[in-house]
Structures are given as structure tokens and as C-alpha cells.
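Engineer: So the protein sequences, as listed, match chains U and S.
To get the working numbering, take the position in the first sequence, counting from 1, and add 161.
To get the working numbering, take the position in the second sequence, counting from 1, and add 161.
There could be a bad hint or two in this list.
The list cannot tell twin chains apart, which means a pair is met if one copy fits it or any two copies do.
When the alpha-carbon atoms are kept at most 20 Å apart in a straight line, the in silico SDA-like pairs for lysine to any residue are as follows [what the hints assert, rightly or not]: (1) Lys436 <-> Pro331; (2) Lys292 <-> Asp318; (3) Lys480 <-> Asn310; (4) Lys480 <-> Gly311; (5) Lys436 <-> Asp463; (6) Lys453 <-> Asp318; (7) Lys258 <-> Val477; (8) Lys453 <-> Phe239; (9) Lys241 <-> Met291; (10) Lys481 <-> Glu396; (11) Lys436 <-> Glu369; (12) Lys212 <-> Thr176; (13) Lys164 <-> Glu226; (14) Lys241 <-> Asn452; (15) Lys481 <-> Asn310; (16) Lys241 <-> Ile449; (17) Lys215 <-> Lys263; (18) Lys164 <-> Arg451; (19) Lys453 <-> Asn236.
In short, the hints are calculated from the structure, not lab data.
2 protein chains.
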Amino acid sequence: MPKLQVVLGIDIGGTNTKFGYVDREGRCLAGTSIETDAHLPAEQFFDQLQKNAKLLLESVEEECELSGIGIGAPNANFYKGTIENPPNLDWDYVDVKAAMGKYYGVPVAITNDANAAALGEMLFGAARGMKDFIVITLGTGLGSGIVANGELIYGADGFAGEIGHTIVDPNGRRCGCGKLGCLEAYVSATGICRTVLELSCHSTTPSELRYYSAAELTSEMIYQSALRGDPLAQEAFDFTGRVLGVKLADSVAHLSPEAIIFFGGLAAAGEMLFKPTQQSLEEHLFPIFRNKVKLLPSRLADNPAVLGAGALIWNVLEKKN
Amino acid sequence: MPKLQVVLGIDIGGTNTKFGYVDREGRCLAGTSIETDAHLPAEQFFDQLQKNAKLLLESVEEECELSGIGIGAPNANFYKGTIENPPNLDWDYVDVKAAMGKYYGVPVAITNDANAAALGEMLFGAARGMKDFIVITLGTGLGSGIVANGELIYGADGFAGEIGHTIVDPNGRRCGCGKLGCLEAYVSATGICRTVLELSCHSTTPSELRYYSAAELTSEMIYQSALRGDPLAQEAFDFTGRVLGVKLADSVAHLSPEAIIFFGGLAAAGEMLFKPTQQSLEEHLFPIFRNKVKLLPSRLADNPAVLGAGALIWNVLEKKN
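All chains, please: the whole structure from these sequences, using the hints.
Structural biologist: Below, the structure written as C-alpha cells:
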């Protein structure tokens, strides 16, 4: 019997690194995680990673053959195979392809987590069969992956798809990137906390959230408050959706996607966020694009980051054939 | 001797329709124009067009063989081969591929003028050898054509690339499309006239432009005033460039292009417009994209709209082979 072809999908995060073996149908046969100890030199991290990946492969019952390795990581450059000045990691510049090449003789590809998520949706999730779509990842920040003509857009330098750093207001909130008014400073887990503070300042709406400090507030608390009917919490979600809708209208004007797919923690807020987003999007769309673009939740239920990283390398392998 | 392979490039404008024969090297062997009499039924227009195109072909000295027909037109849909509700034309819906198919047995392709311009730059102009770039056409309005991974982006519905209708300010100027605050209402020949009116209202800067009515003002007058050192005219160009720079930073965040190429009437203002644009662009770029993106003038000097339409069909023909 022929061996089952699998790829190793790896998602390197600031705290943990998840990895697992993914077949062409999008099944994650086995998955686990290790701590991303970014204080250690990168070589030690990759050595530990491959040892654990080897153990994990032995735990899989089916006989597998490794076809490639896909990696999602912050500030990853697809063209160069590197990670460059990643936020939340101490590594300056890591040649990841070379680091993995010391242990493996199979193709390795790397990109950022939002691009990996987009390929995950294309191969295994909500974007199956689509050639033009955008994935928005809503977590601590706002990431994005753009597919047009059936291909992920990496741009001239490998870093395309930073919709989180488009500008809501050139004189607006300071973003973590140093600029003023980036979308991510409004629409993200941290952005909605800032919005609650702004609303607490500008309005007189009563709210249970007024009893928490800026340091204490979390997007989950705001979500739970909104569910309980807290008007200020609900206003914060409305505002977040309205801002997101305006900027997504700009994305549609560029790309005219079939769908925009939402992925990640804050996306779990569901209708609370998507209803005002959809309304604002339609209102701000160029007429020719109205009532065409679908807003969809991710359909990568199980281990989505690992599936995305796996999809990245499956996509590369298929283009080679 | 083998015949020279040529295509017929046609640019359908609100007033005139330009057309000519273009070889694979981007030479326009012969070109002319007819009036776009859009009060006539579309069938009559296309009949007149093909008669004139036939006469023009006879005027070419070299022996030519027609390989295809490319057409740039407002609201043209590449996928369907149609023109739909074009502004400035009385036709509701024209199946252009079918209309041309009555006279010709060669492949026909149609897209809007800005997309045609982008393909013109890629095959014959400033974007030769580039895989990721944006063309901005600055005329009465602001059009755009986007190329990523070496392919023009048409999007899910064939209408992608409407950067002129991204939003500068959701409560801003009313645009011709009905929305508020579109880029085109600020950055275009008509946009800069509106800016002069706004500056005349908000500032006390003296200016020769204060002696002209809203109906009299033209972008050319503003340009000539700015050249003569008129401070309000210069401020209008600065403002226009600053607004354009902010929005192009958003385009770069999506696409990370190698270059942004400027095409059309207002682009002739040169440094007067590009200096403030470049400065504002760099200021508003996500740090990773700074000092990478080239701003370039079009290099389709001779009959650019016809070369663009010709490039459209050359591009289609080459993909077929």
C-alpha cells in the first residue's frame, strides 16, 4: 500500500509554536505545541522543534511520507524564506529555510500567519473554489491575506497584505507600528478596548465597563458585557464594525473579491461585529460592487493555524507539478 | 516574407473613439479617431468603426495580418465582453464581443481604459519586466489598473481596480458616483478645482484664481497659476498630493507594488503633484514598505490609449499560446 503523503504545518507564535501533520484533504493527523522560547538562539529553537516533530510523526498510526514543510510566522518573507525583525520574538533575522534544511530534504515554504490562513481557507475552508477573496485575521492585531486570480498576493517584496495598517484617520490613534490612525488601532482585540475608553470619555452612557481600568479591560469582557445588554459595550462593537466596513469598502474597490472571510479570536463575536460591518461596507461601496461581496466566518475549525501552514506548502508543491 | 502580425487597439471615450494598429513591439503603425456618437444605436457605431478601421488598415504600407482586437471602454467587463451602463454614453448594455464578431473572426477582448493602460505599461512602457505595479490614470476622474503576480486583477466580477472610489473621508465631498468622500472627488482635474474653491473659502491667501467662478476654473488654469507662483494654486497641488499619498499608502499596504505609474492629463503637472505625493506616501507607509515603491511617469508617449487597448489583446493572445 502506498504511504500517505503528508506535510508538516508549523505556526510560530510569540508564546507557543503549534505544529502538526496535514494531508491533502485538510485532515490534521496529529498536532501538538511547544513553547516558543525566543530568548534562546534560533538554532536551538529549530533543533527542539524538529525533535518534537519527529516524535509526533511516530505517534501517527498510518504510514506517512513527508512531502514538505509549511511555516506561518510573524514578519516572514515568502521569497527569501526568512523571518525579519519579528515583533514579540528576540530573533533579528533568521534564514528559516536554511535552518530547516539542516534536518529535512523536502521543500520548505514560509509566510506570515494571515497569508497561511488565506491559503488554508482556499484549500480546506470557506474559500474552496474561489479565485478572488480576502481573509482578515482578528486577534490582538488585524492581519490579512489576499488572493486574486487564484494566487496569494505577496507583492514585490513578499510583504503584501497588510490591511491592518491602512489608515482610518491620518490624525487618529497611535498604532503599535508607530504610525497614526491604522485600522489595527481600531479593529482588533486591543482596538476595541481603546474604543471603550474613547466612548467612556466622549459619552455619558452608563456602563459596567466604567468600573475597569484601561489595563484591566479585555475584548472578551466587552463581548460579555454587550451580550448582557450593556449599551456602551454594544456601541463599541457598532463603532468597530462601522470603521471596519469603511476600510473593507476600500479593499473591495481595489480587488473586488467574491468573499471576505473572518478568522481568529475577535471574529468569534459573530453577528455583534459582522452586522454593523456588513451595513457599513454596503453603505460605502462603489455602486457597482453592492450586494455582491459575501462576509463569511472561517471554516478551518480544527487547528486552523496548522492547517493554514500546511496549505501553504501543499500550494507550493502543486505548482511545482 | 511573412506578414506582420498586428492587433487593432480601440479606445472608446465619451467624445471620441481612437483606434490604430499595434505590433508586438508596441509600435502604432497607423492611428486615427472618429466621433463617439453615443446617441446612435450601438450597432451603427460599431458598423462605422469597422468601416473606418478597414480603411485605416489599407493605409498601412507593410503587409499586415490582424491577430486580435483589444478595446478600452468605460464600465467594460472583461469576463462578459460587455459595456454596462457607461457614464457619458447613451448605451445601456452592449455585448461588444458579439458586435465585433459580426465583422471579424479574430479574438476580441475588452476592459476599462485604466486596466488597458496598465497592460500597455507592462508590455510597452514603464512597467516592462515588473510583476507587481499599479497604474493611476489622472484625468477628469481617477482610474486605476492593478497588476499582481504578473496578472491584471479583474476580481470576482470583472470590475476590480477602482482606487478612485476608495474613501478619503466618509463625511467628505460628494462624488459623481453618489458616495461621499471618494478619492476621485479630491484627486482629479475636477477634484483640484473643488480644492481651489475650498481653499478660497477656508484661507485668506491671496490668489489670481479668486477672480474665476467655479464654472470657469480648470485644472490647467490652476497649473499655470502655480507655475507663476500663485500661493493658493500651489497649496491646491500640495493638498492634492498629500491626499493622494495617504490613499496610495493604503494601496501599497494591500499590494506592495514595485512601482506606481501615473498616466493621463493631470499627471502632466509632474513634480508639482508628485513631490507632495511622494512625501505624503512615505510618511503614511507601514515601515516595512518605506523607500521601496517607485513613483514613475507613464512611458507610453505615442497614442497611449490605443497602445493600452492593443496590449490588452496581445496579453490575451500570449496566454492562449
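Engineer: Confirm or reject each hint.
Structural biologist: How the hints compare with the structure:
For the homomeric pair Lys436 and Pro331, the shortest alpha-carbon distance between copies (19 Å) is at most 20 Å, but the shortest distance inside one copy (26 Å) is not. In this assembly of identical chains, the alpha carbons of Lys292 and Asp318 lie at most 20 Å apart only when taken from different copies (11 Å versus 22 Å within one copy). In this homomeric assembly, Lys480 and Asn310 come within 20 Å of each other (Cα to Cα) both inside a single copy, at 14 Å, and across copies, at 14 Å. In this assembly of identical chains, Lys480 and Gly311 lie within 20 Å of each other by CA distance both inside one copy and across copies; the values are 12 Å within and 16 Å between.
Neither within a single protomer nor between protomers do Lys436 and Asp463 lie at most 20 Å apart by alpha-carbon distance, with minima of 25 Å and 50 Å respectively. Taking the shortest Cα distances, Lys453 and Asp318 sit within 20 Å of each other only across copies (9 Å), while inside one copy they are farther apart (31 Å). For the homomeric pair Lys258 and Val477, the shortest alpha-carbon distance inside one copy (14 Å) is at most 20 Å, but the shortest distance between copies (36 Å) is not. For the identical chains of this complex, Lys453 and Phe239 are inter-copy neighbours only, at 17 Å across copies versus 31 Å inside a copy, given an alpha-carbon limit of 20 Å.
Taking identical chains as interchangeable, the C-alpha atoms of Lys241 and Met291 lie at most 20 Å apart only when they sit on different chains, with a minimum of 18 Å there against 27 Å within one chain. In this homomeric assembly, Lys481 and Glu396 never come within 20 Å of each other (Cα to Cα): the closest approach is 50 Å inside a single copy and 53 Å across copies. Taking the shortest Cα distances, Lys436 and Glu369 never come within 20 Å of each other, neither inside one copy (23 Å) nor across copies (50 Å). Taking CA atoms no more than 20 Å apart as the test, Lys212 paired with Thr176 passes inside one copy only; the shortest distance there is 19 Å, against 70 Å between copies.
In this assembly of identical chains, Lys164 and Glu226 lie within 20 Å of each other by CA distance solely inside one copy; the values are 6 Å within and 55 Å between copies. In this homomeric assembly, Lys241 and Asn452 come within 20 Å of each other (Cα to Cα) only across copies, at 19 Å, whereas the closest approach inside a single copy is 39 Å. Taking the shortest Cα distances, Lys481 and Asn310 sit within 20 Å of each other both inside one copy (18 Å) and across copies (16 Å). With identical chains, the CA atoms of Lys241 and Ile449 are at most 20 Å apart between copies only, with a shortest distance of 15 Å across copies and 39 Å within one.
In this homomeric assembly, Lys215 and Lys263 come within 20 Å of each other (Cα to Cα) only inside a single copy, at 14 Å, whereas the closest approach across copies is 65 Å. In this assembly of identical chains, the alpha carbons of Lys164 and Arg451 never lie at most 20 Å apart, being 48 Å within a copy and 47 Å across copies at closest. In the homo-oligomer, the alpha carbons of Lys453 and Asn236 lie at most 20 Å apart only across protomers (17 Å), although the nearest pairing inside one protomer, at 32 Å, exceeds that limit.
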